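Participant: One letter stands for each residue in the lines below.
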Amino acid sequence: MAILELANLSRHFEIRPGLLDRAFKGKASSYIKAVQGLNVTVEDNEILGIAGESGCGKSTTCTMISALMEPSDGDIRFKGRSILGLKGKALKDYRRSVQMIFQDPYESLNPRFRIADIVAEGPRALGLWRGEELDRRVHAILSAVGLPPAKYAERFPHELSGGERQRVGIASALIMEPEMIIADEPLSMLDVSIRAGILDLMRDMQAQKGFASIYVSHDLSILGNVADRILIMYLGQAMEVGPAREVILNPKHPYTKALIGAVPVPDPRSRRAVPNVRGDLSKPIDPPPGCRFAPRCPHADESCKTKFIALDTQDPQKHQAACHKLAEIGHG
Amino acid sequence: MSANAMSRSLRKLGLGLKEHYGIIATNKLSLLGFWIIVLFTLVAAFAPWIAPHEPWEMLFDSKGEFAALRAPSWEFPFGTTHLGYDLYSQLVLATRTTLLIGATSGFISIIIGANIGLIAGYYGGKVDEVLMRLTDILYGMPFLPFIIILIALFGRKLEFVILAIVLIIWRTSARVIRAQTIAIKQRQFIAMARARGASDLRIIYVHILPNVLPLLLLYAAFNIAWSIITEASASFLGFGDGETISWGGMLYELWLSGKTRVAWWWFATPSVCIILLVTSLVFVSRAYEEVANPRLRKR
Chain X
1292 MAILELANLS
1302 RHFEIRPGLL
1312 DRAFKGKASS
1322 YIKAVQGLNV
1332 TVEDNEILGI
1342 AGESGCGKST
1352 TCTMISALME
1362 PSDGDIRFKG
1372 RSILGLKGKA
1382 LKDYRRSVQM
1392 IFQDPYESLN
1402 PRFRIADIVA
1412 EGPRALGLWR
1422 GEELDRRVHA
1432 ILSAVGLPPA
1442 KYAERFPHEL
1452 SGGERQRVGI
1462 ASALIMEPEM
1472 IIADEPLSML
1482 DVSIRAGILD
1492 LMRDMQAQKG
1502 FASIYVSHDL
1512 SILGNVADRI
1522 LIMYLGQAME
1532 VGPAREVILN
1542 PKHPYTKALI
1552 GAVPVPDPRS
1562 RRAVPNVRGD
1572 LSKPIDPPPG
1582 CRFAPRCPHA
1592 DESCKTKFIA
1602 LDTQDPQKHQ
1612 AACHKLAEIG
1622 HG
Chain G
228 MSANAMSRSL
238 RKLGLGLKEH
248 YGIIATNKLS
258 LLGFWIIVLF
268 TLVAAFAPWI
278 APHEPWEMLF
288 DSKGEFAALR
298 APSWEFPFGT
308 THLGYDLYSQ
318 LVLATRTTLL
328 IGATSGFISI
338 IIGANIGLIA
348 GYYGGKVDEV
358 LMRLTDILYG
368 MPFLPFIIIL
378 IALFGRKLEF
388 VILAIVLIIW
398 RTSARVIRAQ
408 TIAIKQRQFI
418 AMARARGASD
428 LRIIYVHILP
438 NVLPLLLLYA
448 AFNIAWSIIT
458 EASASFLGFG
468 DGETISWGGM
478 LYELWLSGKT
488 RVAWWWFATP
498 SVCIILLVTS
508 LVFVSRAYEE
518 VANPRLRKR
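Protein sequences appear in the order of chains X and G.
Each residue of the first sequence is one higher than the one before, starting from 1292 at the first, in this note's numbering.
Each residue of the second sequence is one higher than the one before, starting from 228 at the first, in this note's numbering.
Chain G extracted, bound-state conformation (with noise of 0.2 Å):
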């Protein structure tokens, strides 16, 4: 496929990328959220070659003097750690781990309850019963005892983590889709696609999808969002990747360390990464929220 057919049927899809930026530029802190977030995205991108030191290195200071629980300075921008840990570095690298484990379970979680909701609120009846009961029992599921479980069983590895992180977020997507696509399958150019020949799965993914493209950006943001605090918090708990650092993994330590109310800054750099970047994702998904429903453009 050659890029212009390419970008032509991405855009049939809805998905062109100067027809979403357009969206997003329409409110400011939307751009100001993209913006945060494409810099979260190249410091991932580039962390080896950002980071000045290895994440669990012990420094010394250029006095040659074991640097300790140092305060920001020219030399520890943000900081080091009881052991000598630059927090800095440790932040950079620790990026990458939370905006994969983000992204990675954000958009796998956004297919999966996209297609349950679609395929639920489309078919109605047994189907619907069977997808939406399966939904409920997930509501019903505690995060942090079924992330335990899951980690006790197979191990600390960022793979479990995604997989319980996906299986858990999945759920409030899957019902938001379920009901626009409700919504959408009554109208009557849903009645005309199968008139014209349509088959069910061609009504689905060709005519409704597009439909509530607006509503899935929406909630793959928020999923993102989601993504990244329930990982900080499960990291927070001890039941991260212990090979891998990420933001939540930082205040792991902090919290191990035992010197949570002597170093503001070791606290203060991950928590407020967390929270930029989430809001930020909030921001961006404000935009399409817009999209989404119209009625709370600006008057």
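Next up, chain X with everything else stripped away, as it sits in the complex (with noise of 0.2 Å):
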């Protein structure tokens, strides 16, 4: 069953222009569509990946999904329920079952907290547990995470190294007992060599405690390696979805296509077809209504330009990909 459903979820940014622009020039604000009609469902005890560059819209979705920001358009269902426009005590629970770990160990640790504080905020906030309790549950999530209490529990952020904050950024969503985890780019601000170790602790975590979680990342390696389905986005929509493994080794979108194909291959002898991808990447500011790939696919015609086709949500499992030329492309 879905424990997350995302149903055409969208996301604009008015920009507004000048005083006198709007007086005297008559110019109207336009809209950058962040993300626009996302579906996606999240199935229990699954890791979804979303991959894509820099401006796709994942950021945005994470945090719509935590309640950090509301929604242009659409709706997100927890367990069936919205989360829109949840107050008191419901969004409270919501902020419990939903546990966001962000991107930037260095900006989203409070300066001036103590590790064990950090890790006690979420339970204190809520009202969860206190005195003992609280001390116990701390020091056993700082343990498995790999940070022995003794030595890390009394000190500031500062101390620590970037692998070990983002540890205590995980162990301060997990003492929260959540049942999803939305890992917003975990691994971008650490080190290549220490990046093994939190994936590793990051899916013991999963195995262990048994939640769902959305894991972005612009890194298709690491979301094969981790993810059980991979969502592609592109410029806030939605261009392929699908099993990992299928996503990976038969993409079926042109975007996927050159996406997997840009994925650096350690071997100084292979070769393989430059990606068919001309310009540059652009930004969703009053995007045309159709595929935003369009005007960099090689396979692009004018249907392409004026209509998008949304993906359905009906079969988790399907692979599937929002473009009018599937056929035409075939694999491969």
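Just so you know, these hints were derived from the structure itself, not from any lab.
Fair warning: there could be bad hints in the mix.
To be verified - Quick list of the computed label-pair ranges, beta carbon to beta carbon:
1. G:G352 - X:N1516: 40 to 48 Å
2. G:V499 - X:W1420: 53 to 61 Å
3. X:I1485 - G:A272: 52 to 60 Å
4. G:M368 - X:G1309: 27 to 35 Å
5. G:L380 - X:E1450: 51 to 59 Å
6. G:L428 - X:R1427: 25 to 33 Å
7. G:L259 - X:S1452: 37 to 45 Å
8. X:H1509 - G:T506: 55 to 63 Å
These numbers come from a predicted model, not from an experiment.
In this text, a Cβ means the ideal position worked out from N, Cα and C, and glycines have one as well.
Two chains, two frames, some hints: make the complex.
Facilitator: Here it is as structure tokens:
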């Protein structure tokens, strides 16, 4: 069963021109459509990977799911109930159930808090446990993420390395015993040499505690490793979704093919076809209604520019791509 | 709460005494200022026992002569006034009033300023607009007419002098704290606190407040210094509390006596005290400025 459903989720940011431009030139506001018509589900105990370049709406989606930002349109349903407009106790319950791990471990820890207090902050804010019980849980979770409490509990964030800080971030999310974790590029700010350790930790925790996750990354090789299913996004639109192996080994969408073709292979003699993609990544300011990849796509024609295919969420295991030209492109 | 738990929660707020002494001790001038303030505080605390005479007691010297307008000597270390009052005793007793007014109005004004700044900065929008326009109105308020009216309405009492000072002084701290709050609320650890379920009030007072604390202490020191100067000016113009003696009030009496050009010692003693105390506060605040703004640190 789906624990989280995103239905036609959209988020637009208004860019208002200056007062003079509005008054004398009659300029209207333009909109950045950061996320547009996103349909996807996360199943129980599943890791959904979201991949895409910078600015494709990955982080905006995470922020909306974490109820830190309201969507402009569409719905987010958690265990069948919409989370929009939640207040008071219902919102607190939701906040406990869905925990976010932030991208930047240098910015996401309060510099004036000790490690034990950072980890205990969630339970304190929600009044879950107190006193001895809380101390015991804080120590248990710190040990579980590989930070011996005797050594780390009383330290400040600036005394820790990036990897250690990200472990603190993970501990502060897991202590809440969430049903779902949203990890917004948790490795991107870390040194390559410590990524594997954090990745293993997240996988172990997932196996041990059994929660669903959304794992955002622009690194397909990491996603292929951790995710059960992968969603590929481009400029706010979903391009392709399917089981991780399928998407990586057998991509359907021209954008996914280009993206996977760009993953470096550690073999200097390996040669492969350069993906046939032109142009640069643009910004989704007042985009045309069709597929946003169309201007760069080698297969695009007029129909691509006017009509966009939304993915459906009926069968989560189905491998599908939002492209008109699938038959024409074929596989390979 | 046991003493240990108390010191732990104070430390969590960033108010551990040892750490603060550490901050002050990094700078020699701040340390000097700190000890001057401690000295003044001790004098203020034990003033009635230190002062040899009453503030308004006519004195006669050892030969039985009326001791009017005496320059500093062994008998009257800071000299006397034209009515034979001992300036040393007046100075010691006035320290108490001045410190009381300074500390009280400095403390109250920083609490008001901090709360208004935090709330305006955190909530933004209409709340910010209303609070900041209120601050702007206070910026347009000239201090002296304001205190004259207040005292004309309520009388020359210590409480109203403090009230008038507080109402004027909180404005700058509110603005600065607001700016800092706006900068801090954008940072990711605030988003993290919200995602973990912290309420608005909890974010303001548990997450943001400790981060503006160095700035807050800096402005607390400024506010105290300003209150002392303001009180001295008000008293000098005759708007102090007539019942209690203060440094500004001593200068006011000198002015009234018309002996300004003769009695240099009468002029020097309260002035030097005011300068010394205010400078010390600024020196101490300097240490906090380095914490609040690390770029000022020695390179």
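Participant: With 40 to 48 Å as the target window, see if G352 of chain G and N1516 of chain X comply at their CB atoms.
Facilitator: holds (44 Å)
Participant: Could you say whether the range 55 to 63 Å given as a hint is met by the Cβ separation of H1509 of chain X and T506 of chain G?
Facilitator: This hint holds: roughly 56 Å between Cβ atoms.
Participant: Quick check on a hinted range of 27 to 35 Å for M368 of chain G and G1309 of chain X, using CB atoms only.
Facilitator: holds (33 Å)
Participant: Mind checking the hinted window 53 to 61 Å against the Cβ distance between V499 of chain G and W1420 of chain X?
Facilitator: holds (58 Å)
Participant: Given a hint of 37 to 45 Å, does the C-beta separation of L259 of chain G and S1452 of chain X actually sit inside it?
Facilitator: For S1452 of chain X against L259 of chain G, whose Cβ atoms are near 39 Å apart, the range 37 to 45 Å holds.
Participant: If I claimed the Cβ atoms of L428 of chain G and R1427 of chain X lie 25 to 33 Å apart, would that claim hold in this structure?
Facilitator: holds (28 Å)
Participant: Regarding I1485 of chain X and A272 of chain G, is the given constraint of 52 to 60 Å on their beta-carbon distance met?
Facilitator: Since the Cβ atoms of I1485 of chain X and A272 of chain G sit about 56 Å apart, the hinted range of 52 to 60 Å holds.
Participant: That 51 to 59 Å hint for L380 of chain G and E1450 of chain X (C-beta), does it hold up?
Facilitator: This hint holds: roughly 56 Å between Cβ atoms.
No hint from the list above goes unmet by this structure.
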